[in-house]
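Engineer: Chain by chain, the residues run as shown.
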Amino acid sequence: MTSFDIGLITLGVMALLVLLGMLVPIALIACSFVGVWAIKGSPLLASKMLGLAANDAISSYFFGVVPLFVLMGFVVSESGMGRDAFDVANAAFRRIKGGLGIGTIAANTIFAAITGISIASAAVFTKIAVPELRRHGYTARFSVGLVAGSSVLGMLIPPSLLLILYGLLTEQSIGDLFVAGIGPGLLLAVLFGIGTIAMATFAPRFVGETLSQNDDAMTAAELLAKGLPITALITLVLGGIYGGFFTPVEAGAIGTVGALLIGGVKRTLSMRSLWRVLVETGLVTASVCFLIIAAQMYSRMLAFSGLPGSFGTLVTNAELGLIALVSLYCLVVILSGMILDSSSIMLILVPLMLPVLQPMGVDLIWFGIVTVIAIEIGLLTPPFGISVYVIKSTLDDATITLSDIFIGAAPFAAMMLICLATVIAFPALTTFML
Amino acid sequence: MTAKEAAGGGAGEPRLLRLLDALTQISNVIGTLLILGLVVLITTDVAGRNLFGAPISGVPEMVSLSIVAIVFLQAPQALKAGRMTRSDGVIDILHARFPSIARMLETAYDLTGIAVLSAILYAHWPMMVRSWVRDDFVGAVGDFTAPTWPIKAMLTTGSILLALQFGARIVRRALK
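Residue numbers (our numbering), protein chains in the order written: chain R, 1 to 434; chain Y, 1 to 176.
A couple of the hints might just be wrong.
Now the in silico label distances, taken between C-beta atoms and shown as ranges [unchecked claim]:
1) D56(R) <-> S100(Y): 38 to 44 Å
2) L417(R) <-> V133(Y): 56 to 62 Å
3) R49(Y) <-> F426(R): 50 to 56 Å
Note that these hints are calculated values from the structure, not bench results. Idealized CB from N, CA, C, for every residue including glycine.
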């Protein structure tokens, strides 16, 4: 058996174990261990590989970005700034048909610029937007679908945990990735907006037959009081990074402190909720980073097996062409989204593709954005989708079923597909600001 | 993993399991405090650098060391709380239709967890001892240095606790 065969078998077994419910990191580590053992014929060497990876894989300054941005996302969610974004956005769009829907999308877009995790957006806006939407005549399905769909913006508009992970994995600049995400993120927000108006006009049974206007007009002073803190925080974090005052890693810490100050002034943060959020951050960090360590072991195993190289030759010989290759890859990513969460998909598939893409001279920044959009589509499609589950558990309403949420999110998944195709066809969308 | 399973534990459990959970909790709190420490450290550094032209030395080194500690100290609690990533579609169906097969699979998974952690510990132990004996450090002499052995020791502690938590899952399943 050649190392290529061993690599292939290991990959197959790993997919099977993950599907059957073994913890993803354990499946990755176990298969890497057995794979390296089989290729090199030495269990000692295989365990050395594990030990080294456990020590080095995340021991870098840049990995500090993970807990810091997760913490910032949670503190921002606790501080009540989601509510403010929602109120301001609705004041702006209240005269349009489907205005509250647009307002929700706009609020998510703003909120996305201060958090990097879509589950935070999903949880916050389920609480704020869904009751409001339903009160104004939107159907339950559309309301939850809209929140599920627009929560995805959190992962595309900087800062974004997925883009950070991608940057760490492929050694691309996180700052560049953030800038590259802005264009497609705004495109997606606009698509969602147009889609909502179109659906409100042409498919009123899906959106809601009698949409009432939101008539609580805001005074200029109110608008300022609600809009200013968010604007200040966005300016602080993104301005600080691109103004050269601090690195993206440091931006996470500064943003956290900024959000803490705002929450303190608004009196929305208690010591107890702060501790809860800190512990939560630790658990998310541990599970994400443990997965990264496992994925490092897995990509070292892949390197030993020479699988990506042979895979690359295969692709070259098939004369697929870049567009076909990337489309095929997106299909695999979207399908993986049905069984896996976003970070696992990225950490498993990207190391496999990277050696194939590099000789083709592919722009890895563009490829990162494509990957993130494809992953997020997978998260909106049944049977499994983390955003949908978060919404379901936050909602705590037995009359809205999981399938209602998936049906409601379907049009938004379709719009994301359009966005994905556009980004693949016009890579300049991601690079024009770099 | 279900919420019920995650909430496991409680008064009726053997003392050893409760002790393990207490240790896991302590390690989790230390990890949480380290995250808080990172925020304070980095903010002070950025403020010092930009406002007073006085940066703190060794911040990148401290960040890169503590992130490893944070992850390994919190991983046991993440496992216990059911926060480790898994795809639970198929296994949930198995639990509903063929509970005995599902339990067997879960036990096999937990044993795999213990096995890989043992392999990691087996390779990591000599590295930890060496870093202690040789006084390995990171940073630059004269500016900032930090010994590496405390982090390596925390990696060991975390891995042992994690392996024991895998064992606890097996025990809890058997006790049910």
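Engineer: Confirm or reject each hint.
Structural biologist: Comparing the hints with the structure gives:
1. Take D56(R) and S100(Y): their Cβ atoms lie about 41 Å apart, and the range 38 to 44 Å holds.
2. For the pair L417(R) and V133(Y), the supplied restraint of 56 to 62 Å holds, since their beta-carbon distance comes to about 58 Å.
3. Take R49(Y) and F426(R): their Cβ atoms lie about 40 Å apart, and the range 50 to 56 Å is violated.
Hint 3 from the earlier list is the only one contradicted by this structure; the remaining hints agree with it.
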